[in-house]
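**Student:** Chains as they are written, first to last, in my numbering: chain A, 12 to 333; chain B, 1398 to 1830.
Hints listed in this document are in silico derivations from the structure and should not be mistaken for laboratory results.
Some chain A residues near chain B, calculated using beta-carbon distances under 7 Å:
{"#": "1", "residue": "98"}
{"#": "2", "residue": "121"}
{"#": "3", "residue": "124"}
{"#": "4", "residue": "141"}
{"#": "5", "residue": "215"}
Beta carbons are placed, not taken as given, at the ideal position from N, Cα and C, and that holds for glycine.
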Amino acid sequence: MNRHLISAADLSRDDAVLILDTSDELARLADRPIKKLPTLRGRTVVNLFFEDSTRTRISFEAAAKRLSADVINFSAKGSSVAKGESLKDTALTLEAMGADAVIIRHGASGAAHRLAGWVRGSVLNAGDGTHEHPTQALLDAFTIRRRLRGTGAAGARGAGLDGLRVTIVGDVLHSRVARSNVLLLSTLGAEVTLAAPPTLLPLAVGSWPCAVSYDLDSELSKSDVVMMLRVQQERMSAAYFPSVREYSRRYGLDAARMARLPGHAIVMHPGPMNRGVEIAAEVADSVRSTIVEQVANGVTTRMAVLYLLLGGTEFPATGEAR
Amino acid sequence: MTGNGSWLIRGVTIPGRDEKATSILIAGGSVTAIGPDLDHPGAKTLDAGGLIALPGLVDLHTHLREPGREDAETVETGTAAAALGGYTAVHAMANTDPVADTAGVVEQVWRLGRTAGHCDVQPVGAVTLGLNGARLAELGTMADSAARVRVFSDDGRCVSDPLLMRRALEYVKAFDGVIAQHAQDPRLTEGAQLNEGEMSARLGLAGWPAVAEEAIIARDCLLAAHVGSALHVCHVSTAGSAEIIRWAKSKGWPVTAEVTPHHLLLTDELAAGYDPVFKVNPPLRTEADVAELRRALADGTIDCVATDHAPHPVEAKESEWAEAAFGMTGLETALRVVQRAMVETGLLDWAGVADRMSVRPARIGRLTAHGHPLTPGAPGHLTLYDPAAPAEAVTPAGASKSRNTPFAGMELPGRVVATFLRGVPAVLDGKLA
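Chain A extracted, bound-state conformation:
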């Protein structure tokens, strides 16, 4: 694996499967009474968050702490950044403090890429602008594999997502979650379809490893997984669609649409949701919904990534021990 995780494209199929397998092992450990492992003791992990994102920050924080790393939270609000400090100067400051890994969330596409050029430690992209959010894709892949490819050493270990049909619905143009998922899920063998109004798809989407549809209804019966993206109301004012109502009518997942999914199909959402816009409340709260599971899986998957990137010591219990 690379030293950094900036794009889902950085991951080969073997890398991705290793992360999922490692996550599986860690999930098993999470069922023990004492959840903490000593693997990253003495290592420093910095959470560098330029955008407000409590859920992603605490997910990474929990992951690092369960591996016994020292965690420093650096949020841009009220810090030197608010006083006009550049990303480079912030990076050099963290470097001087001896960060082994920097987890960065930033509003500008490419910020993680730039940071990697300025620090010696590992850089983990926790979302950069409208570019990528690779750990979200990993936790999504992990969730899909657990639900649809079985659990445990016998079930999913070593498996990809071959043949599974995943439909990603909504604002693909501005979505870092969609970019990372298209790359990672196709690497793992899934067949990805993007369903969105033409205005919310990149013009060059034809070069991506996925299919494209403007008609959500025609995709439902073929989908093993439907992943809904958050749609931001401000897109309406930029004429991406005429009204939230119309968007919801054409691309929202309501109970009637959910009923047309195959019996085993699952519904995903990276959060935070706009209930009543891209997803109806009864869908979000249904048994098909993996939304809460995704949050829990986020911690395990991020533990696996930190462990593999930072090359921590062995877990106390490895595969052979069982």
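Mind docking chain B on chain A? Use the hints.
**Tutor:** Positioned in the frame of chain A, the structure of chain B alone reads:
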């Protein structure tokens, strides 16, 4: 006539003349004689075996940043960079601080150029007050000033209001002016960062569609035809733009155009690492655009090469892509880039380069003292260039105050050996004289 201050350049080739080594005698600020057996007692001799002589290069599009951003460039450092790149005249763009929208500012820039002395500085005047696109600047007063402004441009911003553009085109007819348009529809490029295509989609950078440039060019060509006035299109960057200009020229309309060295060589693929040194306005486009721009420059659809030399201090580029300033330096590398993109590809010979980098830009800029083919009686502006100099990696450190060259580390052929301005060397042996 004494030999005092005169130069005899021996063994040089003048492209387009007879391709045989000859000598050029420069005296009293002019080319006085050309021939194989010249001698002139007292003249300093320059052995120019293997070199070619081009009429001094003329840049229609330079940002000298003074007044206002002397941390990025000054007239002194910018003209030194120009001379080292083989230029004897540059047009200084109007987006300074204060904006060059009054006779006072254009005269200041013009005087700074005279003081610096490395090359001639012809100020460009703003089309609208403060580049705000709302009210015409006093174009006539700038034309009548000591700076004799003939080219007007809001470069950096587009004169997007069609009525204002029409009036500006019409108004400058009174003094043989030309409006140089920065063609960029502002609504179609809100927040835009990179050419809209595969790269922008992959990198998650807001797309900058080709149509935002092409739609304005098409409109302006129609306006220029309607009022019968001269339009110059700055930094053409797309294949579609070249096609529209070719069509306008086929109608006999008074339209000229320029292309930058970077749009002749670089593509948006370079943005893959998010290094803002490759961030420029208009953005780098695709390989297909590059090929079409080269073809258009070769067939004369695009009249000339203009650098759009846009110096920025280090901190303006050491940031996230979206935060960074647009622009690249180009004066010191332009001729080498053109050799790589146009001469080595067989699209243009050296006589063609002289035409596209000196004769035509001088004509478009109404610079009567520049852009004369090298014949006896021509002004003593010339550039001696060694096209056979082995390709060397470009170093960012040059005479420019700024280091934002996209060509750093790239091996480019050729070397500017000397630049003469009014018969006096501004550059000798590749160094400021």
